[in-house]
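Asker: Quick note, the sequences are listed as chains A and B, same order. The letter at position 154 of the first sequence is residue 154 when you use full-length UniProt numbering, and the numbering goes up by one with no holes. The letter at position 69 of the second sequence is residue 69 when you use full-length UniProt numbering, and the numbering goes up by one with no holes.
Please keep in mind that the hints were generated in silico from the structure rather than gathered at the bench. Hints should not be assumed to be uniformly reliable.
Each pair may be met inside one copy or between any two copies, as identical chains are not told apart.
No more than 25 angstroms apart at the CA atoms, straight line, and that leaves these computed lysine to any residue pairs for SDA-like [unchecked claim]: (1) Lys-182 with Ala-132; (2) Lys-190 with Val-159; (3) Lys-175 with Asp-131; (4) Lys-175 with Ile-141; (5) Lys-175 with Pro-147; (6) Lys-85 with Arg-75; (7) Lys-175 with Ser-127; (8) Lys-85 with Pro-97; (9) Lys-182 with Pro-150; (10) Lys-142 with Leu-106; (11) Lys-52 with Thr-62; (12) Lys-50 with Arg-74; (13) Lys-182 with Gln-154; (14) Lys-190 with Val-140; (15) Lys-190 with Leu-152; (16) Lys-175 with Ser-112; (17) Lys-175 with Ser-94; (18) Lys-180 with Pro-45.
Number of protein chains: 2
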Amino acid sequence: MNDENKNTEEVTQEESFPDEEQETVANESAADQATDEEEVMDVIPEDIKKLKQEAEEWKNRTLRVQADLENVRRRNREERERDAKYRAQDLVQSLLPVVDNFERALQVETESEEAASLLEGVNMVYSQFLDALQSEGVEVIKTEGEPFDPHLHQAVMQVEEDGYESNQIVEELQKGYMLKDKVIRPAMVKVNA
Amino acid sequence: MNDENKNTEEVTQEESFPDEEQETVANESAADQATDEEEVMDVIPEDIKKLKQEAEEWKNRTLRVQADLENVRRRNREERERDAKYRAQDLVQSLLPVVDNFERALQVETESEEAASLLEGVNMVYSQFLDALQSEGVEVIKTEGEPFDPHLHQAVMQVEEDGYESNQIVEELQKGYMLKDKVIRPAMVKVNA
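This is chain A alone, in the form it adopts within the complex (with noise of 0.2 angstroms):
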């Protein structure tokens, strides 16, 4: 009666999820039960449920971490996709400033053939750059005619014109850019009311 108690004891201690230490009550009585054969029926029922449970819990815990797994995959390669996707906003965002003074010192009347031969090479620079930014997913966003589109277009003009549509672009201000299928800079341009 004795050794049962003991048993009995260890059994009840074993509650919580289970862990190395656990392990050895089943060790215990599966030996006791060797050779004692009186102490089996109360103690095995008992080892069995909680060995059984141990089982079904390591079990549950493995499923749970195989779902992360999948999740943490899954995650990855979609956050790896955005972040190709996107990778060149940060130099595209500092080049846009680049690209309106590129505009701005072009803007010239050339009369000496001097300057009207430069400004043919600068042109042709200006032209390549513009093909390097499309080659990464930047287009500029159309502007004058268009409808108005607040996700595309900043208004910081409303006039009344003739010949124009009611929320019709009448003229741009300033580009605007898209990086793929990201606003990078709305265009800033002047609406008719």
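Starting from the known structure of chain A, fit chain B onto it as the hints suggest.
Answerer: What follows is chain B alone, placed relative to chain A:
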């Protein structure tokens, strides 16, 4: 005896990795045991062993999947850091010929005031352009006077020039660029023999 045989058979089947179907074995024998005291000793020790094995295997599986999860998280962090570090590389690569042509276009002697003024404006745009590249980690590789370094420089000519040490760079023929710690275009140079 019929029941006993049935149980022994079922236990023998339970050899491979535990899965959901096999759990029922333990269930059944626990139930048998409650109603049929004669069989308990034959079956239970086997069941306990199997159950312990099952718990152990699920536990090991949990630990393996947890280790996988940690690895995937760490690798993802590293990949995203590397992605972020060199994110501008493609755009920078396609901008380098633009920089080259920009520099070529600006290497003119101006005589007219008109051309000089245009040149000044465009030179400012050029500086701003380089600043934007620099803010993304683009740096010009040093050449003239530096010791030749095959990781940074590409020797296109070898000369014998007074006043230069052996292997010292005499002249730069095309600028080279780094993106952070990565050479994205080696500098083409003339090296002293």
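Asker: Each of the hints needs a verdict: does it hold here or not?
Answerer: Hint check:
{"no.": "1", "hint": "Lys-182 with Ala-132", "result": "both (18 angstroms within a copy, 21 angstroms between copies)"}
{"no.": "2", "hint": "Lys-190 with Val-159", "result": "within (7 angstroms within a copy, 62 angstroms between copies)"}
{"no.": "3", "hint": "Lys-175 with Asp-131", "result": "both (16 angstroms within a copy, 21 angstroms between copies)"}
{"no.": "4", "hint": "Lys-175 with Ile-141", "result": "within (7 angstroms within a copy, 34 angstroms between copies)"}
{"no.": "5", "hint": "Lys-175 with Pro-147", "result": "within (16 angstroms within a copy, 46 angstroms between copies)"}
{"no.": "6", "hint": "Lys-85 with Arg-75", "result": "both (15 angstroms within a copy, 20 angstroms between copies)"}
{"no.": "7", "hint": "Lys-175 with Ser-127", "result": "both (16 angstroms within a copy, 22 angstroms between copies)"}
{"no.": "8", "hint": "Lys-85 with Pro-97", "result": "both (22 angstroms within a copy, 23 angstroms between copies)"}
{"no.": "9", "hint": "Lys-182 with Pro-150", "result": "within (14 angstroms within a copy, 41 angstroms between copies)"}
{"no.": "10", "hint": "Lys-142 with Leu-106", "result": "within (21 angstroms within a copy, 32 angstroms between copies)"}
{"no.": "11", "hint": "Lys-52 with Thr-62", "result": "both (15 angstroms within a copy, 16 angstroms between copies)"}
{"no.": "12", "hint": "Lys-50 with Arg-74", "result": "neither (36 angstroms within a copy, 36 angstroms between copies)"}
{"no.": "13", "hint": "Lys-182 with Gln-154", "result": "within (15 angstroms within a copy, 40 angstroms between copies)"}
{"no.": "14", "hint": "Lys-190 with Val-140", "result": "within (17 angstroms within a copy, 42 angstroms between copies)"}
{"no.": "15", "hint": "Lys-190 with Leu-152", "result": "within (13 angstroms within a copy, 51 angstroms between copies)"}
{"no.": "16", "hint": "Lys-175 with Ser-112", "result": "neither (30 angstroms within a copy, 32 angstroms between copies)"}
{"no.": "17", "hint": "Lys-175 with Ser-94", "result": "both (15 angstroms within a copy, 22 angstroms between copies)"}
{"no.": "18", "hint": "Lys-180 with Pro-45", "result": "neither (65 angstroms within a copy, 67 angstroms between copies)"}
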